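Asks: Based on the sequences and whatever the hints tell you, model everything.
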Amino acid sequence: MVTEAGRQRPGAGSHRPAAGGQGTVQARFAQVARIFFGCLLSIASLFISGCMRQEAPADITILNGAEPQSLDPALLTGQADMRVAIGMFEGLTRLDPTNAQAIPGLAESWDISPDGTVYTFHLRTNLVWSTGEPIRADDVVYSWIRTLEPATAAEYAGQLYYLTNAEAFNTGRIKDPSQVGVHALDPFTVRVELNHPTPFFLDICDMPMSYVVPRATIEKYGDHWLMAKPLPSSGPFELVYWRLNDKVRFKKNPLYWDAANTKSEIIDILPVGSANVAINLYEHGEADIVWDKDLIPAEILDVLLQRPDFHTFNYLGTYFVRFNVTRKPFDDPRVRQALAMAIDKKRIVERISKGGEEVATHLVPDGTADYTSPDGWGYDPVLARKLLAEAGYPGGKGFPPFTYLYNASAGGSSKIHEKVAIELQQMWHDQLGINMELHQVEWTAYLDALTSLNYDVARSSWVGDYDDANTFLGCFVTGDGNNRTGWSNPQYDSLVHQANAEVNVKKRGQLFQQAETILVRDQLPVIPLYFYEGINYFDTNKVQGIYENILDDHPLQSIAKVK
Amino acid sequence: MSDLHGHISPARRAWLRFLKNRPAVISAWFLIALLAVVVLWPFVLKMSGARFAQTHAPDQLSDAQFAPPGAQHWFGTDVHGRDLFSRVLFGAQISLLVGVVGALLSLVIGVLWGAIAGYAGGRIDAILMRIVDVLYSLPTIIFVIVLLATLGEVIKESSLVKNSPSLESGLRVALLVAALGAVSWLTMARIVRGQVLSLRSRAFVEASRALGAKPHWVIARHIIPNIFGVVITYLALSLPAIILYESFLSFLGLGVEPPMASWGTLMAEGVSQINPIRIYWWLILFPGGILVATLLALNFLGDGLRDAWDIKNRD
Amino acid sequence: MYFVRRLIFAIPLLLVVSALSFFLMHLAPGGPFDSERAPASPQIEHNIRAKYHADEPVWKQYLEYLRGLAHGDFGVSYKYLDHSVSDIIEQGLPISATLGILAFGFAMGLGLPLGFFTAARRGRWEDYAGSFLAILAVCIPGFVVAPILILVFSIKWQLLPVGLWETPWHMVLPPIALGLFFAGKVARLMREGMLNAVQSEFVTAARAKGLSENKLLLKHAVRIAILPVVSFAGPMLADLLTGSFVIENIFQIPGIGVFLVNSSQNLDYPLLVGLSLLYAILLIGMNLVVDFAYTLLDPRVKYE
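Protein chains in written order, with the working numbering: chain A, 1 to 563; chain B, 1 to 315; chain C, 1 to 304.
FYI, nobody ran anything at the bench for these hints, they're computed from the structure.
Computed from a prediction, not measured in an experiment: that's the story for all the values here.
A virtual CB, placed ideally from N, CA and C, is assigned to each residue, including glycine.
Check before you lean on any hint, since a few could be wrong.
Distance ranges between label pairs, derived from CB positions [as the list claims (entries may be wrong)]: (1) A:285 to C:117: 39 to 47 Å; (2) B:50 to A:98: 54 to 62 Å; (3) A:375 to B:50: 47 to 55 Å; (4) A:452 to B:289: 40 to 48 Å; (5) C:51 to A:382: 48 to 56 Å; (6) B:19 to C:117: 26 to 34 Å; (7) A:265 to B:174: 54 to 62 Å.
Replies: Set out below in structure tokens:
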């Protein structure tokens, strides 16, 4: 137990020292002070010496948005993750930095069967890991099978479902990996069999889940293999270290097959969560490149866009609003059309997003390969009111109150979702006389609500995985996990399926066009608001090798400081 | 003369001493004025013409995006063209409400807990105070954050909110108040217990008891005034602490949620646009200036009360 | 003996902390593995949940967690899949701790002399000015101080870096922004303590012995006056060592403060529970140190 004096200490107790305690108190005080400051000094010096970095400055410092969730190519999902992993690993094809098209990577060439379902890849013969061991066809097969292995729990495994039996293997219906349509014919040849012709399959081969990863290291270190030292890499750079919220440091991999064209020796990639930090670091010269569109402070975009070091370009991403069509009154297409036509999208791009974004009336962004979208509905409040009246809510009378769901953007980013929500709330109120509550939730709760159709209207966005209309339109097929609106239309489904089985590029485009017309004119389970604009900033007089491309992906190999 | 002096009650003595404290008195007037403006502003909006109300309604969007302070918008406007003056005043409602209710809540729990422990003494005292000790060594920040992050989501998914969405913001504020009050009563409990404990055995209490004073006279004359001083002082001092805490949580995005605003969210909006290229200074200066001025006034007031009641610092 | 008992008592306390944070987190809707892109087949989601035992009842997951903890294993972060919780703490804690110790040094270095000075000049204009500054420091939130410091010292005058944590120059502004509030607090406590001490019988006795006023303040009053500061310093240091979300976020410092908020929003259970345990351990430890310092400083306090 504690004595009374002891227990009273923090609360009460007038501090009246006992008489005669002077000498001892003084000595004790000195003692405590010595111990205390001694400890403090030693801890401080220890930490400070530990934190001082004696390291070479990087050739290029890049600010990259959120901290990667993972750099394991099979597991990573975010674009920020992918932009880092692309430095370390490579697939059979790789991205052309100038236009994001697939060009030969680890495979030197390939043959495609006339029906478009069998690909035969020929590997380069000089391939080695950064640790010196050779890379062979078996490694490719291992990497792909690893992505599909149920125990790997790869979220993007679905991108390899184009392979025969891949889905069955991934879902556990087949246990034998040799039945999956990827085989090593000899050390330098990989044969891939597909379920049906897939025009964008070469793009699939340069996506992270098809990167070639080091088998021996993974088997030795398990889940934490990325922390292994040395970490064998198949790409242009090796990992020096990765400290969370600090940086990823890369150094050139001299054994990479195309090392002659690797332009930088050391690259630092910093995760930065807030646009203000990013612009501060950049303006202060501590970073060379900022390439995440969330790292642009919207308040000053009008000034920034005038500067030569700010670059904007078309980008495969759409910001849109989802309806839960299983709930009244959003089950009525006229209501959805009315809400769409009452939105002044121009005001939103001019006042809120401000990056020179294009207003969207259709879902698939302009500039998508081999495809032109049909036009959707424009801003037409008069027709909107008419449609709403036809649906039984003249002047918004009787329209049930509903909520608009959006996710809080973490940290100090520019809160774009909240701003858009506030604008929509006002526009629908002013034009249609309907009232909506805002409903902000955390990311995880937001996804949960979308998936379980536990919302009325919600914000959403979609960024293309590859340059093809299917990456957008495929989402809204009945039962697709990304549908998340409860919307189902047999005609739409069959058009999308027909398009995907079609080898002729032009016919395929027409089928997709018919499908999208249903989506954005007749039915409207989603309202496209605007197309994302790719924005990055770097001084072209100091940095070269970054190109504007529709996927907004930038292979690290070509980036260099101008000497 | 001595007769007169003897009849001045402790409360009156404290009051006279308080009036001599210039900063505290000025602070009190400032707070009263602020409160009056905050309370009256909504009525002004209602009474004035439609156009005035339209331009000054806190949630009304307009084309005047980022307008600097001027004749029409006295504090300027924000990204949606909303009037900042109105937003600061409506934000004050939330901030002050959260502060006052949170402080009162912590006060009620703290006084009850401390008084029971102090009066009962012995085993009960030991147990109650040991619980306080335990709670003291829990990481409160973490629990407040987790509580707001998780229970906040639970509220949103609850059927109550699903049926009447307008309840949500109210419940959110209630949760915020509960969380803040629940973590700040510990100090109060310790102070009150110490006070009660020492009062019970204080010389003048025992003396008046020995002189035959009835218990209720002792309580009314000595214990209540003494505790009253502590309580009032503590209230004034914990108010700014809770308001500051709320602004911190709002900055993290855990406080009140849009379209509601508090000083914290307004400040967060203001500082989040500090950058090397262009700064809308009014978005920082006005919410920040009023927040800091209010906190300063509350602190001066608290200090003045403490000096007036002659209470030793037990922070 | 008392301290040994306190240490043993800490173990159930830590259990309470871990259980509270673990179960509170599980109340939130959604889970750490929800993702923006729906998996191509429900089986994929099932694979992920199976890998992290997310389908088992919560109490079972907690027991599993405790079992790992008994072996010194804090588990794997659900958000940073390649890192274990111990790795994350190991990387971030030294940085947060350095920042915290520097801020602590700043708070003490500024607060103690200011408190002493204002007390010594009680009632004069120096007292008013100093006390006003101390109150002002307590009233301005850190998330306002930090951007303003950056604006003035980094952007306008170009004297110091705007962020990151690499050279000693990077370690100037963040500790100031973090420590300013505490400096004000310490100054106020110190001034208060000094004024109380001067009135105490002990100092009156010393004054009667004819010691000069300055010597009196320096040699005798300070020792008593510092007691409230000491009891405040313990929890304060625990606070500072675990880092500050706001300061680390604004200055882009790779400490652990940032994870505290992120992990609760991402429902990264293992990381959050690990961090709360760390914080609780520090807090308990610091309170022990404070009590220990009391027994040495103040002969009236004794623990059985």
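Asks: Could you run down the list of hints and mark each one as holding or not?
Replies: A quick look at each hint next to the structure:
no.	hint	in the structure
1	A:285 to C:117: 39 to 47 Å	holds (40 Å)
2	B:50 to A:98: 54 to 62 Å	holds (58 Å)
3	A:375 to B:50: 47 to 55 Å	violated (39 Å)
4	A:452 to B:289: 40 to 48 Å	holds (45 Å)
5	C:51 to A:382: 48 to 56 Å	holds (55 Å)
6	B:19 to C:117: 26 to 34 Å	holds (28 Å)
7	A:265 to B:174: 54 to 62 Å	holds (58 Å)
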